[in-house]
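A.B. asks: The residues making up each chain are set out below.
Protein chains: 2
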Amino acid sequence: MINVAILGYGTVGSGVYEILKKNPDTITKKAGDILNVKYILDIRDFDDHPEKEIFTKDYNDILQDNDVSIVVEVMGGLNPAYDFTKSALMSGKTVVTSNKELVATHGTELITIAKEKNVNYFFEASVGGGIPIIRPINQCLAANTINKIYGILNGTTNFILTKMFAEGTSFESALAEAQELGYAERNPSADVDGHDACRKTAILSSLATGTFVDYNDIPTEGIRNISTTDVLFADKLGYVIKLIGAAEIDEAGKISAIVAPRLVSKESQLSSVNGVFNAIMLVGDSLGEAMFYGRGAGKLPTASAVVADVIDGAKHLHTNKWVIWDKPEESFMAEPMDATYKYFVRTTDKNLIADLGGSEVGTTDEEIVFVTDEMKEKDFLSKAEERCSFIRILA
Amino acid sequence: MINVAILGYGTVGSGVYEILKKNPDTITKKAGDILNVKYILDIRDFDDHPEKEIFTKDYNDILQDNDVSIVVEVMGGLNPAYDFTKSALMSGKTVVTSNKELVATHGTELITIAKEKNVNYFFEASVGGGIPIIRPINQCLAANTINKIYGILNGTTNFILTKMFAEGTSFESALAEAQELGYAERNPSADVDGHDACRKTAILSSLATGTFVDYNDIPTEGIRNISTTDVLFADKLGYVIKLIGAAEIDEAGKISAIVAPRLVSKESQLSSVNGVFNAIMLVGDSLGEAMFYGRGAGKLPTASAVVADVIDGAKHLHTNKWVIWDKPEESFMAEPMDATYKYFVRTTDKNLIADLGGSEVGTTDEEIVFVTDEMKEKDFLSKAEERCSFIRILA
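So the protein lines, in turn, are chains D and C. When you line the first sequence up against the working numbering, it's residues 1060 to 1454, in that order. When you line the second sequence up against the working numbering, it's residues 1060 to 1454, in that order.
I should point out that these hints are in silico values taken from the structure, not numbers from a laboratory. Do not rely on the hints blindly, as some may be mistaken.
Copies of the same chain look alike in the list, so a pair counts if it fits in one copy or across any two.
Quick list of in silico lysine-lysine cross-link-like pairs, DSSO-like style, CA-CA up to 30 angstroms [as the list claims (entries may be wrong)]: (1) LYS1116 <-> LYS1386; (2) LYS1313 <-> LYS1081; (3) LYS1116 <-> LYS1080; (4) LYS1358 <-> LYS1313; (5) LYS1207 <-> LYS1222; (6) LYS1313 <-> LYS1080; (7) LYS1222 <-> LYS1097; (8) LYS1145 <-> LYS1174; (9) LYS1380 <-> LYS1435; (10) LYS1435 <-> LYS1386.
Make the full structure from the sequences, and use the hints.
C.D. replies: Here it is, written out as structure tokens:
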């Protein structure tokens, strides 16, 4: 029997408990041993819970119990998740998490401790919720150099943008509906300003390159400024608008990463990824294009990824399975201002098209709308930043 | 150093060699040891090859060399691949393959021998070419019961159908173009009659259920009868036509599997999988819908999946990683005649719509075209089989 402790009995934590209880035979067969939930840590009381005796408010009960081999950290946030994770790994327990903030911030240190202690720090659920992506990259693409990885990594913003496209709704009312349905939080900033997608992009970039990418180094824009006019013109031009987290690795190994709304061609597989679904596209030097699609959030999808990690942890209790990434000795981020894009531009400044070059695609009452040729970000911004609203086009 | 032998230096075999030579450092890092190609078995001469000394025509050179730990069987066909694989496993070598025919026919026996000998029989490349699917199902979905798995599993037929849709081409001329481009063989039967997709469907069904599904038990139809009229009406009704291999598992664990052309709603992610691309959709009880998309064939995509298996084999040289499926004691296939579908029907027999029920959607010079309600296959066929042409609709 392998004892597991769950830290945090919120949406994901209760989903993990539910899945472990639902199919014990299948899970035992796959894990090679019975997985027993010995503790659940939560500051709240769960007196009506059928196993109320396993709840504790004191993390030391778990940390000091040598019979606990696997800790599931699904509390979210940096503190106390960081201290709890670090001390669990230090005392030889494997830790499984869905906590993208912690992985993106302290992942390198925690991965290193796991290796030193011959245990594992697994975080499949931290990117793409239930979509398998970390094992596919690490194992199935082991023979590839990944040149590009990008995708729709946040369900809330994708729900809002899908709504704006399908129904011509404004950002504000699409957001309000997302909040009513529970897809967006009352303070929606982490989602709509791109911070959540940024952390996931950092994790994906680190995975793809095998080297830690700091999310603070990734330029990040949200979708608050996307208007119904943008939506109308994008549609007319054969595009949809999606919040895309993207990383491209050049031949010298330098990474260009950015999180921003993008015009995505309707020919792209990503264009039909709608609602709360997520999708991750990657390009490997041997494999070519591949895409992984599914539910990027939600109780059971996320919990199913966590439980898959628990099963893998159980099969590798005292074997460090992989060091997913190292810390680079020097920065290998490309200069964001040197990245090149085509830009979709709306402006009341009729001279801008002459200054930038490009093709006019239409007008509104007050504005002209045009698409530039491919140009460097610094050239574009130096001429255009204050004079227009713009959206980068995904190549 | 781990010694590898490649059986068959055709498209995939030469791709495997190329990838192993291209990124030796990355591969060594991931495999934990240097992977050395010690032998290549081929009946042909390769006197111009830079390593012509490693070629052999005698399989015994490989079998009797105890320094060879991993055998890559990329010859295709049942014989002598079956004997070679079996004897390699019996003598304690791990075998990696892309040979779907062998896996679908003798997989259960070979998997069992691998377990007995504490080695592995890996075949990621046998389904979906370079698309990671076997590890995602086995590891990432370990906490799920898979209720449904279906997809576009054959690039040749998808190229033909895409062409017919995009350009209104007939089946015959789209096939001729596929043959010119090298996407279809001179005898295209394995592809266009659905046999290739059938073997892959059997492998996917076996993976999804953990129990061997015999491809002989899967009703299989190809795409030879799809006409430009079908394409026109499908398009008008909001569908595309795709050759779909599908397996559904009911609550009692019975499997309904079928390979046939299907009308696929344009709302489905599968509808935009075009050209030689493949995609596999699955539905897990916790995860919900997930899709895996990429190149289902081709030298480097397929070889990259083979090399990923070689790397995993190198990391688990004397550990049987998993028994992917067992042989069932009794058949658990559902009766195909009890499956239910909606049918798209074209007929000159004006009475058929009254006999079957359904909604007329149009007429041609001689025919009426209609869509039935959902009905049992046996009820449909008993009334309609000789009186119409039909395509099942994918629910």
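A.B. asks: Now look at each hint and say whether the structure bears it out.
C.D. replies: Hints, one by one, checked against the model:
no.	hint	result
1	LYS1116 <-> LYS1386	neither (35 angstroms within a copy, 47 angstroms between copies)
2	LYS1313 <-> LYS1081	between (46 angstroms within a copy, 20 angstroms between copies)
3	LYS1116 <-> LYS1080	within (22 angstroms within a copy, 55 angstroms between copies)
4	LYS1358 <-> LYS1313	between (36 angstroms within a copy, 28 angstroms between copies)
5	LYS1207 <-> LYS1222	both (28 angstroms within a copy, 28 angstroms between copies)
6	LYS1313 <-> LYS1080	between (46 angstroms within a copy, 24 angstroms between copies)
7	LYS1222 <-> LYS1097	neither (43 angstroms within a copy, 58 angstroms between copies)
8	LYS1145 <-> LYS1174	within (12 angstroms within a copy, 37 angstroms between copies)
9	LYS1380 <-> LYS1435	neither (41 angstroms within a copy, 49 angstroms between copies)
10	LYS1435 <-> LYS1386	within (29 angstroms within a copy, 60 angstroms between copies)
In this structure, the earlier hints numbered 1, 7, 9 are contradicted, and the remaining ones agree with it.
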